[in-house]
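**Q** Residue-level listing of the chains:
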Amino acid sequence: MNQQTKFLTSSKKLRWVKPKENIPDLLPDSVDQKAMEVLAFYEKDEKEFQNHWVWKEMGCSPETFFKQVENYVESLNIPKLQWAEAYQKAKQVSRIRALEKHKLTNTHPFKLMGALRV
Amino acid sequence: MLSYQLNIHDSPSIRALKISEGVSETSLEQTIGLSLISEYNTQLLNMSRGLQQNLDQKRNAQTEIKYLASFILKEPTDLNGTQGFLLTPEEATNLQNKYPQLNLTQKDGQTYIEKPRLEAFIESKKQDLAALNTDSEMASLQIQTVVDQRKQAITLLSNLIASRDETIMNIVRNIK
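Chains as they are written, first to last, in the numbering used here: chain A, 1 to 118; chain B, 1 to 176.
Just so you know, not all the hints are guaranteed correct.
What the hints assert, rightly or not - For lysine to any residue, the following SDA-like pairs were computed, each having C-alpha atoms within a straight-line distance of at most 25 Å:
| no. | chain 1 | residue 1 | chain 2 | residue 2 |
| --- | --- | --- | --- | --- |
| 1 | B | K151 | A | F66 |
| 2 | B | K66 | B | N46 |
| 3 | B | K151 | A | E46 |
| 4 | A | K34 | B | K151 |
| 5 | B | K151 | B | E166 |
| 6 | A | K91 | B | N159 |
Claimed, not checked - Pairwise CB distance ranges, derived in the manner of DEER restraints:
| no. | chain 1 | residue 1 | chain 2 | residue 2 | range |
| --- | --- | --- | --- | --- | --- |
| 7 | A | W53 | B | L102 | 57 to 65 Å |
| 8 | A | H52 | B | P116 | 57 to 65 Å |
| 9 | B | P76 | A | Q50 | 53 to 61 Å |
| 10 | A | W53 | B | S124 | 50 to 58 Å |
| 11 | A | Q50 | B | I168 | 47 to 55 Å |
| 12 | A | E100 | B | P76 | 53 to 61 Å |
| 13 | B | E123 | A | I96 | 39 to 47 Å |
| 14 | B | Q96 | A | A84 | 51 to 59 Å |
| 15 | A | E85 | B | L102 | 53 to 61 Å |
Said to hold, decoys possible - If you want the footprint, here are the derived chain A segments under chain B, 3+ residues with CB under 8 Å:
| no. | region |
| --- | --- |
| 16 | 42-48 |
| 17 | 89-96 |
Think of the hints as simulated: they come from the structure by calculation, not from any bench. Yeah, the Cβ is synthetic: ideal placement off N, Cα and C, and Gly gets one too.
Chain B extracted, bound-state conformation (with noise of 0.2 Å):
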């Protein structure tokens, strides 16, 4: 049995829990319940922002391979034996703003993207899509198992609540 001095602390509502009276093992574990609830609100409310963010972050991830997997799609051209893609000027001015790492190529006053880089760039792309897709399905599983701890939590404080009323309608009782 555990036993701490113990301070008359100025909480109504923990005080009216009963759990305040001589620090036994039990009315230990009961605090600790009750504090862990605070601690999966706090949890949850960071966790739920991140899957959110996650999912921000897959959905722009997704539009971004689309939109360069769209140059595929075009018809190829021979750039001194590697194949390359015609750009128009704005897709030329998009890509380059967006994708430096792209490098694209100059030939005959035109601009072209090569297709070896172009599918790697995508391969990447995909890959840190792969990478955010895992991340989304640890924290989903995160997140349940912490709401069923918050609760778990609470009905701890709703049986404490519970046991704290019946007593007063013994003592009712009792006098009756």
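Excised from the complex, chain A in its bound form (with noise of 0.2 Å):
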């Protein structure tokens, strides 16, 4: 049996027992699992956004849509605090989006904060 999973069974219920160290603390593997379950996340729709069908359908790269879509923007000469200002407002509005999704708003505000950090 792993040492992680080892319970005391004397009571009737079952207890956590800490194995016993000679080796201080060290924090928690759940941090790096965690990350880890994020990055493979992230590859598996960083690999589906390369593949959707949009670009296909568009004719392009996703790099090359940017760059289309960075020129229009210029072309459009649009004042650029007026820009400034709607982009930021709709960012706001994507983020209360996803962190809706997330229930993040609920959770400690430390991470809450973390999340707005972006």
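Make one complex out of these two single chains by using the hints.
**A** Structure below.
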């Protein structure tokens, strides 16, 4: 049995017994695990993004499309300040929607702060 | 309603989306939505690289802490009132090179590391590791959020394409 899954059954209830450690406590592996899962999640999403049908439909790669959008925006001659304001507002709306999806708004403020730091 | 002077730009795929026909508030929002895809893409690339680096740093920090903590398992020796651990010549050289700030002690031709100094050093390494862990948790949350934001932006693009296709189909139906 793995050392981390050992339980002592001296009482009726199972209770967790911390294994004896000679080495001082390191921070939990669960954080690493979570980070690796997030990276795998991102890689999967990135693959889906690169192979998204919209690029085939548009007949260009994402990078070409981004360049075209950039050129198009420049061609609109929108005042910089007005564009920046509208852009910031759109980003905020998008972020709030994404946070709502993850229900982060109800979690610890520390986590929320982290998510909002983008 | 916002209105701006428009130049027809040589961007076939953008023109095909029909967002270039008069910059109304709606089409401005659509344009911003499309611009955001690029920003989210860059953010995600940088954040994922950052998280990968953070993971590597954490692994190194954990290995270092384990290595340093292994000296505590040794039998302590009294060094004029302070406890210390005897080091082999290889260990002494390794520690001296890697962590010169540890200031190893010499006594009777032997090299020792003082216990309080070693413990304090391990503690500082653990604090570094804790900071890395906090960064990692935040980065993980941010990545998930931005992935969703990019998905939203892509959905906007899909909808634009779908509405364009529908317009074309209507025209075809009317011709028939």
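**Q** So which of the earlier hints does this model not fit?
**A** 2 and 11
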